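Asks: From first to last, the protein sequence lines are chains W and S.
Sequential numbering from 4 applies to the first sequence in this note's numbering.
Sequential numbering from 4 applies to the second sequence in this note's numbering.
Simulated from the structure, these hints should not be mistaken for lab results.
All values derive from a computational prediction rather than experimental measurement.
The beta carbon of each residue, even a glycine, is placed where N, CA and C say it ideally should be.
Accuracy of the hints is not assured; some may be wrong.
Covered stretches of chain W (chain S as the covering partner; in silico rule of three or more C-beta atoms under 8 Å from a C-beta of chain S) [said to hold, decoys possible]: (1) 19 to 33; (2) 74 to 87; (3) 98 to 106; (4) 180 to 194; (5) 234 to 242.
Number of protein chains: 2
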Amino acid sequence: MKIVIVGLGVIGGSFAMALQKTGAHEVFGIDSNDETLAKAYSLGLIKNTGNDPGSLGSADIVILCVYPKAVIDFLRVHRNDFKPGCVITDVAGIKRAIAEHAGRLLPDNVDFIPGHPIAGREKMGITYASDAVFKGANYLLTPLPGNREPNIALIETLALEIGFRRVSRISPEAHDEIIAHTSQLPHAMAVALINSNRDGRATGLCIGDSYRDLTRVAKINAVLWSELFMSNSECLLSAVEDFKAQLDLIADAVRAGDAPALEQLFRRAAARREQLDE
Amino acid sequence: MKIVIVGLGVIGGSFAMALQKTGAHEVFGIDSNDETLAKAYSLGLIKNTGNDPGSLGSADIVILCVYPKAVIDFLRVHRNDFKPGCVITDVAGIKRAIAEHAGRLLPDNVDFIPGHPIAGREKMGITYASDAVFKGANYLLTPLPGNREPNIALIETLALEIGFRRVSRISPEAHDEIIAHTSQLPHAMAVALINSNRDGRATGLCIGDSYRDLTRVAKINAVLWSELFMSNSECLLSAVEDFKAQLDLIADAVRAGDAPALEQLFRRAAARREQLDE
Chain W
4 MKIVIVGLGV IGGSFAMALQ KTGAHEVFGI DSNDETLAKA YSLGLIKNTG
54 NDPGSLGSAD IVILCVYPKA VIDFLRVHRN DFKPGCVITD VAGIKRAIAE
104 HAGRLLPDNV DFIPGHPIAG REKMGITYAS DAVFKGANYL LTPLPGNREP
154 NIALIETLAL EIGFRRVSRI SPEAHDEIIA HTSQLPHAMA VALINSNRDG
204 RATGLCIGDS YRDLTRVAKI NAVLWSELFM SNSECLLSAV EDFKAQLDLI
254 ADAVRAGDAP ALEQLFRRAA ARREQLDE
Chain S
4 MKIVIVGLGV IGGSFAMALQ KTGAHEVFGI DSNDETLAKA YSLGLIKNTG
54 NDPGSLGSAD IVILCVYPKA VIDFLRVHRN DFKPGCVITD VAGIKRAIAE
104 HAGRLLPDNV DFIPGHPIAG REKMGITYAS DAVFKGANYL LTPLPGNREP
154 NIALIETLAL EIGFRRVSRI SPEAHDEIIA HTSQLPHAMA VALINSNRDG
204 RATGLCIGDS YRDLTRVAKI NAVLWSELFM SNSECLLSAV EDFKAQLDLI
254 ADAVRAGDAP ALEQLFRRAA ARREQLDE
């Protein structure tokens, strides 16, 4: 297959690395930054040395590894540049907005299948690209009504081929609701925790693994995550409210000195967390 | 040195393992559970096969690896059983309550130096004991006014000997304030996050590393952490309020569609998190 990756950041670069390592595909790249493109070529991740306007038109598969709004912009600008039969997918962390817009933009002879690999790094840029982040991770597809089954299966196979453990199909609405809880809320929590620390404390002396783990994602890409939060504001605000209600139950039990109530909340959490590992 | 460890749970067992591996100490154990004691002996962690009432009276160092209230109870019951010159320390995750009580309980010829190794596991019991958790971790001491300098130095040396990276001295008040933010609040957040998930969601398909990391500590020891929370309620409730205020700033920016405000909160968090790694 001839695969073109649009956007060679940490995720696009990781896709290029993983696909190139399979030995089964020809991987090309497009990026607005010439240095990134040169780096991708010198790392052996892509076959082209510069942006090749023709490569898009000969691609069997196009993977859009750019920010959510840029996915829609790219599809709008290049709607007539794809080869008939081309299968396009993206990696954006929100799917409802993408699904709503993309369906209307493209001609019938290309198939856009929205996707979301649940894998990332706190670092930005091709320097940090690594196919290791895909190993054992989850991959979600939110197919559109017109998507052709063989094309969906093609992306599923590709995901498994590069190391993902499981590819699931889910509606864009369910995706955005769940991802608000499992990804966006945890990022908001990490940011709020770090920002709530008071200056002047000897915090560094008192941290263990739980604080490090919890705040790792506070090394956040501000522009990307701002876009993700804003594009999923309704689901995220609802997840925040649900979370605050549970945090209040804990605080109320502590304030009331009600140890049995607190222990019950803890036991519920421990049981629910165990289920996640199954 | 003859060292007696009181309480052979996951932490006491880990201490026994680490101290025994140094080859420089004779390690004995006391535990209310005979099976635990037999297991510790069969694992080669302690030299005694059963509870030896005499071992306490010949110990140079006693390490209390029991829950906070049990530390105070043990000191009260055994206040006259220690050898003159004995150095006693504990590992409880709260220090103000310990410091206030312990100082008044003990005779002048023994030295109790409250401590807190910032290392633990989500699992309970001696089966999960591992000296690996100490490697590179922080260790805090909150010395009492009457503590003798050579005895404090003795515990510091012991901590470094078994793999801790840094031993710091801090007041019990500062300890409890900071640990509320770095340890108790993160545990409350993990519990609240897991408990706020709605039933029926295909959550398992949508989790990545951040959710796993953040909720790891939700596999919580309900009895221990309830005691820790209740014994440090003032500091914890204050940390919760500070955190909620920051979370509200994020939610407010999302609700208002104010991307620049959100990005500013993100950049602040990323910078503060980077500092922690320095």
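Asks: Against each hint, give a clear statement of whether it holds in the structure.
Replies: Do the hints match the structure? See the list:
| no. | hint | verdict |
| --- | --- | --- |
| 1 | 19 to 33 | violated (count 0) |
| 2 | 74 to 87 | violated (count 0) |
| 3 | 98 to 106 | violated (count 0) |
| 4 | 180 to 194 | holds (count 13) |
| 5 | 234 to 242 | holds (count 4) |
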